[in-house]
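**Student:** The chain contents come next:
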Amino acid sequence: MARIVVITSGKGGVGKTTTSAAIATGLALRGHKTAVIDFDVGLRNLDLIMGCERRVVYDFINVINGDANLKQALIRDKRVDNLYILPASQTRDKDALTQEGVEQVLNELSEDFDFIVCDSPAGIERGALMAAYFADEAIVVTNPEVSSVRDSDRILGILASKTRRVEQGGDPIEGRLLLTRYSAERAERGEMLNIEDVGEILAIDLLGVIPESQAVLTASNAGQPVVLDQESDAGQAYLDAVARFLGEECPLRFVDVPKKSLFGRLFKG
Amino acid sequence: MGIFDYFRQPSQKSANVAKERLQIIVARERAARSGPDYLPAMQQELLQVIRKYVQVSDDAVLMNVDREGDCEVLELNITLPDDKD
Chain A
1307 MARIVVITSG KGGVGKTTTS AAIATGLALR GHKTAVIDFD VGLRNLDLIM
1357 GCERRVVYDF INVINGDANL KQALIRDKRV DNLYILPASQ TRDKDALTQE
1407 GVEQVLNELS EDFDFIVCDS PAGIERGALM AAYFADEAIV VTNPEVSSVR
1457 DSDRILGILA SKTRRVEQGG DPIEGRLLLT RYSAERAERG EMLNIEDVGE
1507 ILAIDLLGVI PESQAVLTAS NAGQPVVLDQ ESDAGQAYLD AVARFLGEEC
1557 PLRFVDVPKK SLFGRLFKG
Chain B
3 MGIFDYFRQP SQKSANVAKE RLQIIVARER AARSGPDYLP AMQQELLQVI
53 RKYVQVSDDA VLMNVDREGD CEVLELNITL PDDKD
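So the protein lines, in turn, are chains A and B.
For the first sequence, our numbering begins at 1307 and goes up steadily by one.
For the second sequence, our numbering begins at 3 and goes up steadily by one.
Possibly wrong hints are sitting among the right ones.
Taking lysine to aspartate or glutamate and the DMTMM-like style, the derived pairs with C-alpha atoms no more than 25 Å apart in a straight line are [stated by the list, open to error]: (1) B:15 to A:1409; (2) A:1400 to A:1473; (3) A:1400 to A:1451; (4) A:1565 to A:1491; (5) A:1468 to B:68; (6) B:15 to A:1442; (7) A:1339 to A:1442; (8) A:1339 to A:1535; (9) A:1317 to B:31; (10) B:54 to B:68; (11) B:21 to B:60; (12) B:21 to A:1494; (13) A:1339 to A:1431; (14) A:1317 to A:1442; (15) A:1384 to A:1535; (16) B:15 to A:1473; (17) A:1339 to A:1414; (18) B:15 to A:1414; (19) B:21 to A:1562; (20) B:21 to A:1503; (21) B:21 to A:1473; (22) B:21 to A:1506; (23) A:1468 to B:31; (24) B:21 to A:1535; (25) A:1468 to B:60; (26) B:15 to A:1451; (27) A:1339 to A:1451; (28) B:21 to A:1409; (29) A:1384 to A:1431; (30) A:1317 to A:1506; (31) A:1468 to A:1414; (32) A:1377 to A:1431; (33) A:1565 to A:1497; (34) B:15 to A:1494; (35) B:15 to A:1502.
A few chain A positions that, by computed beta-carbon distances, are all more than 12 Å from chain B [unchecked claim]: (36) 1405; (37) 1455; (38) 1497; (39) 1503.
Treat the hints as calculated values from the structure; they're not laboratory data.
Given the structure is predicted, the values throughout are model-derived calculations rather than measurements.
Don't be surprised by glycine CBs; every beta carbon is placed ideally from N, CA and C.
Here chain A stands alone, though its shape is the one from the complex:
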């Protein structure tokens, strides 16, 4: 049985797809057979971030509709063993994402994968609800910024009530916070919500903090999940988050401002 994890946020542009690609690749690098599914029907982008856009033949909706089987639609990553991508469809018909269809695909994947990472679209429409419905756990991607935090709280409300687990009378799924685009300098100057502020408002466990980093854009330009750039701060921070996700103790990094010399403190603002 696979563990199904949804990467969600409510707000768009906070780093869900970057995170889905990074976490899925990180899990595969650790030897776990992992599938990452793009639930953003009509606006697929996971294929670009994973660098497999030219290898897409069939997609998620094709599999649901029976036009192709899973084996035909899954794209095997060329860089990392055990990593597979199921792209979203470009069709504009979002109703094609039926609950029964999604369940069937997840059940079939569950048989021989360890992890299924569901890349949720922004918003609280069908795609987002379907990405979350079957999840065993959630990673809530949040920027230290008011609209992102508010939308994350909204999504936490949905996770608490609209999942299969809850509807079957089980406990709500656990959502953990991944704070992305964090700038320790700006937080220290009081220009940005800090880790404690966001943690206090959302009241969920912290999975990780990803620093604002040029490596993220560079990686997406090249179609490389950022964890493959193991020199980069963001890549390392994501690998730390993967370790914590797997239950390992791992102290936070890239969250403190390097101490300046007295001279620097006096003359640089």
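Knowing the structure of chain A, use the given hints to seat chain B on it.
**Tutor:** Only chain B this time, still in chain A's reference frame:
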């Protein structure tokens, strides 16, 4: 902070403003989603009734449903305008 910053007027940090605003709105939205479905409509109607007698603003009526053991307590908080107006 550089030496010149010490001469600037101290002002409230924007992150603190953000945090306070978020705490208020998030608390309000959580209360709205945990309460019964009729709560928003009831709040609107109450506001209309109150306005027949006193002019109050939209956010003058705060409603909360709290659970205390087996009891549900409906808390209604109306801020009346100052008499001087």
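**Student:** Look at each hint and say if it fits the structure.
**Tutor:** Hint-by-hint comparison with the structure:
1. B:15 to A:1409: violated, 48 Å
2. A:1400 to A:1473: holds, 23 Å
3. A:1400 to A:1451: Not satisfied, since the Cα-Cα distance of roughly 30 Å exceeds 25 Å.
4. A:1565 to A:1491: Holds: residue 1565 of chain A and residue 1491 of chain A sit about 11 Å apart, inside 25 Å.
5. A:1468 to B:68: holds, 22 Å
6. B:15 to A:1442: violated, 39 Å
7. A:1339 to A:1442: Cα-Cα ~17 Å, so holds.
8. A:1339 to A:1535: holds, 21 Å
9. A:1317 to B:31: With a Cα-Cα distance of about 16 Å, the restraint between residue 1317 of chain A and residue 31 of chain B holds, given a limit of 25 Å.
10. B:54 to B:68: violated, 28 Å
11. B:21 to B:60: holds, 23 Å
12. B:21 to A:1494: Answer holds: residue 21 of chain B to residue 1494 of chain A is near 14 Å, not above 25 Å.
13. A:1339 to A:1431: violated, 29 Å
14. A:1317 to A:1442: holds, 21 Å
15. A:1384 to A:1535: Roughly 16 Å separates the two Cα atoms, so the pair holds.
16. B:15 to A:1473: violated, 43 Å
17. A:1339 to A:1414: holds, 14 Å
18. B:15 to A:1414: Given that 25 Å is the threshold and the Cα spacing comes to 52 Å, the pair is violated.
19. B:21 to A:1562: This hinted pair holds, its Cα atoms lying about 20 Å apart.
20. B:21 to A:1503: holds, 7 Å
21. B:21 to A:1473: Given that 25 Å is the threshold and the Cα spacing comes to 33 Å, the pair is violated.
22. B:21 to A:1506: Given that 25 Å is the threshold and the Cα spacing comes to 10 Å, the pair holds.
23. A:1468 to B:31: Measuring from Cα to Cα gives roughly 17 Å; hence the hint holds.
24. B:21 to A:1535: This hinted pair is violated, its Cα atoms lying about 34 Å apart.
25. A:1468 to B:60: Violated, at about 31 Å.
26. B:15 to A:1451: With Cα atoms ~14 Å apart, residue 15 of chain B and residue 1451 of chain A stay inside 25 Å; holds.
27. A:1339 to A:1451: At roughly 34 Å apart (the allowed maximum being 25 Å), residue 1451 of chain A and residue 1339 of chain A break the hint.
28. B:21 to A:1409: violated, 39 Å
29. A:1384 to A:1431: Not satisfied, since the Cα-Cα distance of roughly 33 Å exceeds 25 Å.
30. A:1317 to A:1506: holds, 19 Å
31. A:1468 to A:1414: holds, 22 Å
32. A:1377 to A:1431: violated, 28 Å
33. A:1565 to A:1497: holds, 18 Å
34. B:15 to A:1494: Holds - the C-alpha atoms of residue 1494 of chain A and residue 15 of chain B are around 10 Å apart, at most 25 Å.
35. B:15 to A:1502: Holds, at about 16 Å.
36. 1405: Given a closest Cβ separation of 22 Å, the condition holds.
37. 1455: violated, 5 Å
38. 1497: violated, 6 Å
39. 1503: At about 5 Å from chain B, residue 1503 of chain A fails to clear the 12 Å cut-off, so the statement is violated.
In this structure, the earlier hints numbered 1, 3, 6, 10, 13, 16, 18, 21, 24, 25, 27, 28, 29, 32, 37, 38 and 39 are contradicted, and the remaining ones agree with it.
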